[in-house]
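Undergrad: My request is simple: use the sequences and hints to build the entire structure.
Here the protein sequences line up with chains A and B, keeping their order.
For the first sequence, the UniProt record's numbering assigns the number 1 to the initial residue and increments by one for each residue that follows.
For the second sequence, the UniProt record's numbering assigns the number 1 to the initial residue and increments by one for each residue that follows.
There's no promise every hint is true.
Because identical chains share one entry, a pair is satisfied inside a single copy or across any pair of copies.
Below 30 Å or equal to it, Euclidean Cα-Cα: the simulated DSSO-like pairs (lysine-lysine) are [to be verified]:
#1 Lys3 <-> Lys268
#2 Lys144 <-> Lys191
#3 Lys94 <-> Lys249
#4 Lys259 <-> Lys227
#5 Lys3 <-> Lys259
#6 Lys3 <-> Lys120
#7 Lys249 <-> Lys193
#8 Lys181 <-> Lys120
#9 Lys268 <-> Lys187
#10 Lys227 <-> Lys249
#11 Lys227 <-> Lys268
#12 Lys120 <-> Lys268
#13 Lys120 <-> Lys2
#14 Lys259 <-> Lys2
#15 Lys144 <-> Lys181
#16 Lys193 <-> Lys94
#17 Lys144 <-> Lys268
Just so you know, the hints here were simulated from the structure itself, not pulled from any lab data.
2 protein chains.
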Amino acid sequence: MKKIGFLGPVATFTDIAVRGLFPEDRAIPQATIPACLDSLANDEIDLAVVPIENALEGSVNITLDYLVHEALYPIVGEMTIPIRQHLLIHHSQKLEDIQTVYSHSHAIAQCHRFLHSTLKAVELVNMTSTAAAAKYVSDHPDEKVAAIANALAAEEYQLTIAHQDIHDYSHNHTRFIVVAKQDCHLKTAQKSKGYKTTVMVSLPDDRAGALHQVLSAFSWRNLNLSKIESRPMKTGLGNYFFIIDIDQKIDDVLIPGVKAELEALGCKVQILGSYPSYQLGKIEELTHK
Amino acid sequence: MKKIGFLGPVATFTDIAVRGLFPEDRAIPQATIPACLDSLANDEIDLAVVPIENALEGSVNITLDYLVHEALYPIVGEMTIPIRQHLLIHHSQKLEDIQTVYSHSHAIAQCHRFLHSTLKAVELVNMTSTAAAAKYVSDHPDEKVAAIANALAAEEYQLTIAHQDIHDYSHNHTRFIVVAKQDCHLKTAQKSKGYKTTVMVSLPDDRAGALHQVLSAFSWRNLNLSKIESRPMKTGLGNYFFIIDIDQKIDDVLIPGVKAELEALGCKVQILGSYPSYQLGKIEELTHK
Chain A
1 MKKIGFLGPV ATFTDIAVRG LFPEDRAIPQ ATIPACLDSL ANDEIDLAVV PIENALEGSV
61 NITLDYLVHE ALYPIVGEMT IPIRQHLLIH HSQKLEDIQT VYSHSHAIAQ CHRFLHSTLK
121 AVELVNMTST AAAAKYVSDH PDEKVAAIAN ALAAEEYQLT IAHQDIHDYS HNHTRFIVVA
181 KQDCHLKTAQ KSKGYKTTVM VSLPDDRAGA LHQVLSAFSW RNLNLSKIES RPMKTGLGNY
241 FFIIDIDQKI DDVLIPGVKA ELEALGCKVQ ILGSYPSYQL GKIEELTHK
Chain B
1 MKKIGFLGPV ATFTDIAVRG LFPEDRAIPQ ATIPACLDSL ANDEIDLAVV PIENALEGSV
61 NITLDYLVHE ALYPIVGEMT IPIRQHLLIH HSQKLEDIQT VYSHSHAIAQ CHRFLHSTLK
121 AVELVNMTST AAAAKYVSDH PDEKVAAIAN ALAAEEYQLT IAHQDIHDYS HNHTRFIVVA
181 KQDCHLKTAQ KSKGYKTTVM VSLPDDRAGA LHQVLSAFSW RNLNLSKIES RPMKTGLGNY
241 FFIIDIDQKI DDVLIPGVKA ELEALGCKVQ ILGSYPSYQL GKIEELTHK
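TA: Below is the structure:
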């Protein structure tokens with residue numbers, strides 16, 4: 001049984017990713033993303049699961065900053081889960097009586113249309129996480145309050161789902177990465193949907209067309225890119241690096257060829273990982289050991 | 001005097017951007033990013049200031065989603081401010097007595113190294129914002145507590161800066177955009193450092209090299225790109241659009257030429273705005289009217 005550190009508290013979206021991938025292992029909530037990756041560095045956990053894209057809870061930038069600036073631990077897997085928000089109430093309360101809705105500010109923002117059309121007169125109160133909001137509702141059965149949170153929080157805090165799927169955009173997903181101290185082959189409860197390779201490229205200068213030249217190296221090899229993002233280098237404004245996701249496993253010829261060519265052109269190239277990609281369809285029925 | 005809606009509460013980083021740009025106008029805090037842009041839609045405010053990159057408080061994705069999916073209001077300005085975090089205490093307390101530190105979870109993560117080296121034994125408690133943490137410390141002068149927040153919060157809640165600049169990365173910046181209902185020329189207290197044009201491009205298909213082809217149109221015209229980011233279309237996994245920042249004002253020939261060419265190739269192209277760029281060096285000495 002492995003020890004899996006994740007961005008807590010219990011019943012966050014990161015927790016859903018952990019339960020989906022590692023239902024048999026021991027999940028250990030961590031307070032922040034750096035704390036989670038530090039636990040990996042100190043061998044207190046075997047794997048770290050942290051958000052990397054489109055996150056509700058943690059800042060994705062903090063994840064990238066740690067991997068790029070602190071310790072280049074390899075990404076050994078990724079998990080994509082749908083963002084589904086529900087309105088949760090205590091079973092002793094009725095939906096029409098609700099006067100206050102608690103949640104994380106981003107979750108409130110994600111359910112803006114529903115709140116404006118269906119629950120117009122309610123007061124909205126920010127909490128530190130969707131899980132904390134669900135806990136509050138569970139702890140205060142006599143108050144006319146509801147929480148916006150995920151289905152795992154409903155289960156964890158024994159709340160009723162009064163309204164399902166109240167988020168504004170139905171195709172919104174969050175992506176998490178699994179980080180290990182050394183590259184390894186994951187044993188997960190899910191079947192992988194394919195492979196990805198994540199590469200960090202920093203350009204030698206800012207001149208127009210440098211990125212275009214970098215992408216040529218991928219393009220003429222028919223390497224499909226599923227993501228590209230520029231990020232400031234933190235050495236001052238104007239210096240950027242790029243995070244590029246390639247839609248395949250690292251091979252012996254093509255990707256090493258790109259790396260060698262870009263390095264010859266003066267770029268710095270680092271492979272952050274080549275890993276299986278998992279997707280979760282349903283977020284119910286997930287349990288820790 | 002204009003009415004400026006911003007992502008509140010008072011003394012957030014967004015508030016700093018507002019005070020830097022519009023010290024003479026009336027700043028009106030809003031609970032969420034969609035609420036802020038809705039206020040603009042309903043003519044309750046004249047301008048909206050919301051985070052667009054590297055944000056501590058709001059989700060940048062929520063800003064982009066609103067502009068792309070709800071209402072294509074033009075970006076009329078941008079403001080970049082440095083992320084500086086300080087340790088704030090009540091003047092009646094001493095730093096060596098502090099037992100608990102309150103802040104937003106992202107701010108706690110941003111000061112991870114300082115907290116691990118200098119304040120090892122303290123308890124860390126998440127709050128809904130850095131401003132809320134500062135308010136808590138101000139309201140509880142007898143408790144041995146500190147807050148991580150910005151200099152504006154220190155001023156607003158009359159707290160002492162016990163440790164200045166405790167954030168891990170010194171070149172971290174946050175970018176905010178000013179959104180209006182119609183394109184307009186901003187009157188601000190800052191001198192602009194240049195112009196940017198933001199373009200949204202969606203590709204006709206996912207084939208390898210499509211992005212490379214798109215960038216060619218910019219590259220051979222010597223249009224320098226300061227940012228490129230891929231974002232899912234929300235019509236399902238695998239459909240992406242790109243947000244591209246060009247480092248100049250829109251002209252009559254080059255940028256319209258790119259747009260026409262890309263549209264002829266089957267891309268959808270939308271100019272989100274062409275606007276002056278402001279940078280704040282110091283974040284002290286900023287006041288609302």
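Undergrad: All the hints need checking, so say for each whether the structure fits it.
TA: These are the hints, each one checked on the structure:
1. Lys3 <-> Lys268: neither (34 Å within a copy, 46 Å between copies)
2. Lys144 <-> Lys191: For lysine 144 and lysine 191, the Cα distance exceeds 30 Å both inside one copy (42 Å) and across copies (50 Å).
3. Lys94 <-> Lys249: neither (51 Å within a copy, 55 Å between copies)
4. Lys259 <-> Lys227: Classified as both; 17 Å inside a copy, 22 Å across copies.
5. Lys3 <-> Lys259: neither (34 Å within a copy, 51 Å between copies)
6. Lys3 <-> Lys120: Result: close only across copies, 24 Å inter versus 44 Å intra.
7. Lys249 <-> Lys193: within (12 Å within a copy, 43 Å between copies)
8. Lys181 <-> Lys120: between (49 Å within a copy, 24 Å between copies)
9. Lys268 <-> Lys187: Answer is neither: 32 Å inside a copy and 42 Å across each miss the 30 Å cutoff.
10. Lys227 <-> Lys249: So lysine 227 and lysine 249 pass the 30 Å test inside a copy (15 Å) and across (27 Å) alike.
11. Lys227 <-> Lys268: both (19 Å within a copy, 18 Å between copies)
12. Lys120 <-> Lys268: neither (52 Å within a copy, 35 Å between copies)
13. Lys120 <-> Lys2: between (46 Å within a copy, 28 Å between copies)
14. Lys259 <-> Lys2: This pair counts as neither: shortest intra-copy Cα distance 34 Å, inter-copy 52 Å.
15. Lys144 <-> Lys181: Cα proximity of lysine 144 and lysine 181: none, with 47 Å in one copy and 38 Å across.
16. Lys193 <-> Lys94: Intra 42 Å, inter 55 Å, cutoff 30 Å: neither.
17. Lys144 <-> Lys268: Intra 56 Å, inter 47 Å, cutoff 30 Å: neither.
Hint violations for this structure: numbers 1, 2, 3, 5, 9, 12, 14, 15, 16, 17, all remaining hints satisfied.
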